[in-house]
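Those protein sequence lines, which keep their order, are chains A and B.
Whatever position you read off the first sequence (first residue = 1), add 7 for the working numbering.
Whatever position you read off the second sequence (first residue = 1), add 7 for the working numbering.
Bear in mind the hints are in silico, worked out from the structure with no lab data behind them.
Worth double-checking, as some hints may not be accurate.
Since the list gives no way to pick out one identical chain from another, each pair is judged satisfied if it fits inside one copy or across any two copies.
Under the rule of at most 30 Å between Cα atoms (straight-line distance), these lysine-lysine pairs were calculated in the DSS-like manner [said to hold, decoys possible]:
hint	residue 1	residue 2
1	K210	K173
2	K49	K209
3	K210	K10
4	K209	K10
5	K10	K200
6	K152	K10
7	K49	K200
8	K10	K172
Protein chains: 2
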Amino acid sequence: MNKVFVVGIGPGGEAYTTPQARAAMEQSDVLCGYTVYIDLVKEQYPGKELYTTPMTKELERCRWALEQAADGRTVSLLCSGDAGVYGMAGPLLQLSEQFPEVEVEVVPGITSALSGAAVLGAPLMHDFCVISLSDLLTPWERIEKRLQCAAEGDFSICLYNPSSKKRADYLQKACGILMAAGKAPETPCGWVKNIGREGQEKKLMTLRELQDEQVDMFTTVFIGSSTTREIRGALVTPRGYEQKGI
Amino acid sequence: MNKVFVVGIGPGGEAYTTPQARAAMEQSDVLCGYTVYIDLVKEQYPGKELYTTPMTKELERCRWALEQAADGRTVSLLCSGDAGVYGMAGPLLQLSEQFPEVEVEVVPGITSALSGAAVLGAPLMHDFCVISLSDLLTPWERIEKRLQCAAEGDFSICLYNPSSKKRADYLQKACGILMAAGKAPETPCGWVKNIGREGQEKKLMTLRELQDEQVDMFTTVFIGSSTTREIRGALVTPRGYEQKGI
Numbered sequence: 008m009n010k011v012f013v014v015g016i017g018p019g020g021e022a023y024t025t026p027q028a029r030a031a032m033e034q035s036d037v038l039c040g041y042t043v044y045i046d047l048v049k050e051q052y053p054g055k056e057l058y059t060t061p062m063t064k065e066l067e068r069c070r071w072a073l074e075q076a077a078d079g080r081t082v083s084l085l086c087s088g089d090a091g092v093y094g095m096a097g098p099l100l101q102l103s104e105q106f107p108e109v110e111v112e113v114v115p116g117i118t119s120a121l122s123g124a125a126v127l128g129a130p131l132m133h134d135f136c137v138i139s140l141s142d143l144l145t146p147w148e149r150i151e152k153r154l155q156c157a158a159e160g161d162f163s164i165c166l167y168n169p170s171s172k173k174r175a176d177y178l179q180k181a182c183g184i185l186m187a188a189g190k191a192p193e194t195p196c197g198w199v200k201n202i203g204r205e206g207q208e209k210k211l212m213t214l215r216e217l218q219d220e221q222v223d224m225f226t227t228v229f230i231g232s233s234t235t236r237e238i239r240g241a242l243v244t245p246r247g248y249e250q251k252g253i
Numbered sequence: 008m009n010k011v012f013v014v015g016i017g018p019g020g021e022a023y024t025t026p027q028a029r030a031a032m033e034q035s036d037v038l039c040g041y042t043v044y045i046d047l048v049k050e051q052y053p054g055k056e057l058y059t060t061p062m063t064k065e066l067e068r069c070r071w072a073l074e075q076a077a078d079g080r081t082v083s084l085l086c087s088g089d090a091g092v093y094g095m096a097g098p099l100l101q102l103s104e105q106f107p108e109v110e111v112e113v114v115p116g117i118t119s120a121l122s123g124a125a126v127l128g129a130p131l132m133h134d135f136c137v138i139s140l141s142d143l144l145t146p147w148e149r150i151e152k153r154l155q156c157a158a159e160g161d162f163s164i165c166l167y168n169p170s171s172k173k174r175a176d177y178l179q180k181a182c183g184i185l186m187a188a189g190k191a192p193e194t195p196c197g198w199v200k201n202i203g204r205e206g207q208e209k210k211l212m213t214l215r216e217l218q219d220e221q222v223d224m225f226t227t228v229f230i231g232s233s234t235t236r237e238i239r240g241a242l243v244t245p246r247g248y249e250q251k252g253i
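So that you can see chain A by itself, here it is in the shape it has in the complex (with noise of 0.2 Å):
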């Protein structure tokens, strides 16, 4: 079968993999990924072929599945969290305009938005905008002015990508810009570091607080709207149940 699947594995172990994942990854021939996705899972599938490619070599790891798909043979190619979200099923179908017979399917994961989420509490209950920090793809002007328009719209906000060595400031300036454009300095706020994973961590602060945070770049950040509050130590945004009489 000329076929890629682009799978998301989830945040971590196998707890989070969805069984329509796995029997993608059961039905390839080879497993593709980037080396740290691959160690995570390849004892689950003996008897796969793997093909492990470092950090930045996306697109390289995306067109040697769809050779090794046009081929004849069907490849998984792994993400963590979600296929859709940062993940590779965008560069995967963009590329696959040269591999026309070659079908890609997408399969869902669950985003560190939705699981560091649930390790807060419920931050992302209502509306909500989900940025990357990220300006290696995306120009710095993009980002401020996504932030800005997110911080006026009153969305709750995930933040992925928050920070990195070369970027160690970012997340200060993009809590700097989300104060100048209405957010409260008292919002609450938190992270959640290693996500499902060995040594997972959380933290709850406020906007202020956040600013002077030093998180890495295995950290997710969420920043409330105007109506979050901590409930027995959980980061809760309301639905609005409040005038039904919670």
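Assemble the complex: chain A is given as a structure, and chain B must be docked to it using the hints.
Then chain B, alone, in the frame of chain A:
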């Protein structure tokens, strides 16, 4: 154990339910939820007590679950999609302030934004907003403001609850607001109906055409950003790898 799991079971059948969600249901004494969701899972968990309530009785269901847990039982409160996105995690945590002896654990699931995006391709590949058009619990002015800000920020947008019998023209109104706020009428859009269930359907169209679509409450709507394109019948928002030579 005095515990309520609030469990996202994903969009439809077993294929989308994570092992973490299965484990929560298996260790529960009672499964409770909206009648339709209990019907989806009850045969897989024989011997569990079942408690179902109709659509509008969300708070009663949360309170019942907490009361059962306070009596020493372990309860799974089921939500379709994710428990934390327009689900029951929020109201349950809010009500749990009255039940300090009860532990609440949120178990994430595949929400329609992710499962629907996978059916259409990769429309949420880059920064996106999720907005519900239901004004049952949210003033329409707030929804309108969020639509405007989402358009101004050039986000991809996923709309939940795009229509109902009482709100037959809300999607039409939303499309008008988005175009007035700068979304091009040619923006690629799509919808998915009955995601992961029998009778799943999808359709692609422009934003101008979306304005005249008739959709129901089982439909999730996707609106592209300025970079979203149709590729081989799929809706794709590029991540920006073009500059690296896709």
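Hint check:
When the C-alpha separation of K210 and K173 is checked against a cutoff of 30 Å, the pair qualifies only within one copy, where the shortest distance is 24 Å, while the shortest distance between copies is 42 Å. When the C-alpha separation of K49 and K209 is checked against a cutoff of 30 Å, the pair qualifies only within one copy, where the shortest distance is 28 Å, while the shortest distance between copies is 34 Å. Proximity of K210 to K10 under the C-alpha cut-off of 30 Å is restricted to the inter-copy arrangement: shortest distance 22 Å between copies versus 42 Å within a copy. In the homo-oligomer, the alpha carbons of K209 and K10 lie at most 30 Å apart only across protomers (21 Å), although the nearest pairing inside one protomer, at 39 Å, exceeds that limit.
Taking the shortest Cα distances, K10 and K200 sit within 30 Å of each other only across copies (25 Å), while inside one copy they are farther apart (34 Å). For the identical chains of this complex, K152 and K10 are neighbours neither inside a copy (38 Å) nor across copies (43 Å), given an alpha-carbon limit of 30 Å. For the identical chains of this complex, K49 and K200 are intra-copy neighbours only, at 23 Å inside a copy versus 35 Å across copies, given an alpha-carbon limit of 30 Å. When the C-alpha separation of K10 and K172 is checked against a cutoff of 30 Å, the pair qualifies neither within a copy, at 37 Å, nor between copies, at 41 Å.
Of the hints listed earlier, those the structure fails to meet are numbers 6 and 8, in rising order.
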